[in-house]
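Start from the sequences, fold in the hints, and give me the full structure.
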Amino acid sequence: MIIEAKNLTYSYGDTLAVDHISFSVDKGEILGFLGPNGAGKTTTVKMLTGQLEPQEGHAKVLGFDVAQEPKKIHEKIGVCFEEKNLYPRLSVRENLEFFAKLFGLEADFDSLLKRVDLSKWVDDRAETLSKGLQQRVMFARSLINDPDVLFLDEPTGGLDPISADAIRNIILSEKKKGKTVFLTTHNMMEADKLSDRVAFIHEGKIVALDTPENLKLKLGKRTLKVKMRTEKGFKEETLPLRDSETPKRTKELLEKENIATIHTQEATLEEVFMKLTGRKLEQ
Amino acid sequence: MKLSCIKAIARKDAVQAMRNRLVVLGLVFGIIFAVIYYVFPSTVEETFDVALYDGSSSQLFPPVGELEMEGMRIIFFTSGEEFEKAVEEEDYVAGIALPENFDSQLLSGKQPTVSLYFKSDVPESVRSSIQYFIQMTIEYVTLGKQPTDVETEMLGEDMAGKHIPLREQAVPLFLVMALMMEMWTISTLIVEESAFGTMRAVLVTPASPSDVIMAKGVLGIPYAFLVAVSILILTQSVRGNLPVLFIAVFLGALMTVSMGLFMGSITKNILGSYIYVAIPLLILMIPAMLIFVPDVSLSIVKVIPTYYLANAINQVLNSGAGLADVWKDFLVIAGFDTAFFVLGVYALRRRFS
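Residue numbers (this note's numbering), protein chains in the order written: chain A, 1 to 283; chain B, 284 to 636.
In case anyone wonders, no lab produced these hints; they're calculated from the structure. The structure presented is a predicted model; accordingly, all values stated were derived computationally and were not measured. Be aware that one or more of the hints could be misleading.
What the hints assert, rightly or not - What the simulated footprint calls covered on chain A by chain B, stretch by stretch (three residues with Cβ under 8 angstroms from a Cβ of chain B suffice, anywhere in the stretch; the number is not a length): (1) 8-22; (2) 46-56; (3) 92-100.
Unchecked claim - One side only, chain A facing chain B, incomplete, derived with CB under 10 angstroms: (4) Pro-88; (5) Arg-89; (6) Phe-103; (7) Arg-125; (8) Met-138; (9) Arg-141.
By construction, the Cβ of each residue, glycine as well, lies at the ideal position given by its N, Cα and C atoms.
Written as structure tokens, this is what we have:
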């Protein structure tokens, strides 16, 4: 186990942010940690990275206790934060050089900068960069020490689709190198694409933890979507695949309507989350 | 603590600070202080105003017009109250009071007593001149036959031989102001780490809160020290007992850094740091201002830590004081430094841990 959490609990005053959660992450695995804002994702990351001491329970990362030996953990992890936290008056290069020095490294940034497509902005001050570019610098910073474990908190937030895809590809390439990734996001498409397993966190509790496929099969509904031409344009009807009435209704539509398209549709993680919690991930 | 981390953070802070306009403005103040220094007069006033009180309207004492000589202006008072007020509160270097029965004592061959009042900072040479002037005037009146008794009273502490030009008096003020302004730099560096969220990023690396705090000190103490020494050099004020002077400046640098750490730890945002630091900054400058204006004496300023710093610097620069004279001040400053450093480090560790 690279990450192991048992009964992790944390409260801010009377508000229980994380409520006795337990999970583990294997080497080379990407665990998607999904939940809406305020569900407890960031508090969990803070505990796992030694920024907050668990009030109950315990956790180990790379075999080190997060409360007892945080500095041993910090040498081997990379953290990408949700909020933009670069030194604004330092250039991209100076920001990265500074963090490399904290790890005692004289890093060669060229390949890293190329990977995150930042070479053009290397001498620009962080305060002059767009939010998307700042996000890329922060992502590059989390890789600076070639970490064994990556904690990524909304790593593609604020990025354009092409940059977001580039970051996702880097995450997958890190996984191929055997790195473990703890990915918190409320982007279910991203979690679905990247994660080996996903954990849904809601009101501080893990309400489901499995592979995306299993979750969708177990808790989601596969449907048949029929799109029909009408005088005014198009209309659509969605039929549950496992319903006994569906074959009959499909036959009716085929006979009576001018069918444009007909296809089956997988359940989404969003739908699974809604089924489990009664609310949307984006809320 | 990791030395490599402290070095990296201090270097990063230096670059960040040099690119902060407000911090650079602090450096510019050093140059402004030096310019102001050269604007102040380098010599003391050479024409003295002397108040003369003659309650009995003496017929024998010469009229004012006959008494005046080069470099001395005599202002005549007939009211004792006005005379006392003028000598105590206004810009007269001395007051001469003739006794009520001056004429009758002289005529009866008795020895009249003339009272002389001096401001504490009147140079010895000026005092001697005025005393000589009185003796000569009485001899002139009595044709050299009548001795006169002259009583001398000092108003405040005797500062004979210690009269110093305004610009020299201003150096301790400039030094304390420049040192204390560095409090802004240190607190800004700390508040920015928190406000920009960079502290979180630093603390998930091998660097610890202690490394961050130590780095601010490693950068801040020599920085404040160098700013103060630059002012001493620019104002050509590197004089007196130099080891003691540099100890005073070093303790001042330590004071500004420890207070900066403390202020940075209790301030939550950048705007707040500018406002909250400004208030103690102004209070800390009061003792130095009072040394610059020595006529105002307020014992309450002794509760302000910079009183001891300003006093020690002033003593070393302007009175030739050595360690034996200022060690008590140093002890008090060191006490304040330690207290604020412990408080600042404790508050910062609590905030960032």
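Here is what the structure says about each hint:
{"no.": "1", "hint": "8-22", "in the structure": "violated (count 0)"}
{"no.": "2", "hint": "46-56", "in the structure": "holds (count 3)"}
{"no.": "3", "hint": "92-100", "in the structure": "holds (count 3)"}
{"no.": "4", "hint": "Pro-88", "in the structure": "holds, 6 angstroms"}
{"no.": "5", "hint": "Arg-89", "in the structure": "holds, 4 angstroms"}
{"no.": "6", "hint": "Phe-103", "in the structure": "holds, 6 angstroms"}
{"no.": "7", "hint": "Arg-125", "in the structure": "holds, 8 angstroms"}
{"no.": "8", "hint": "Met-138", "in the structure": "holds, 8 angstroms"}
{"no.": "9", "hint": "Arg-141", "in the structure": "holds, 7 angstroms"}
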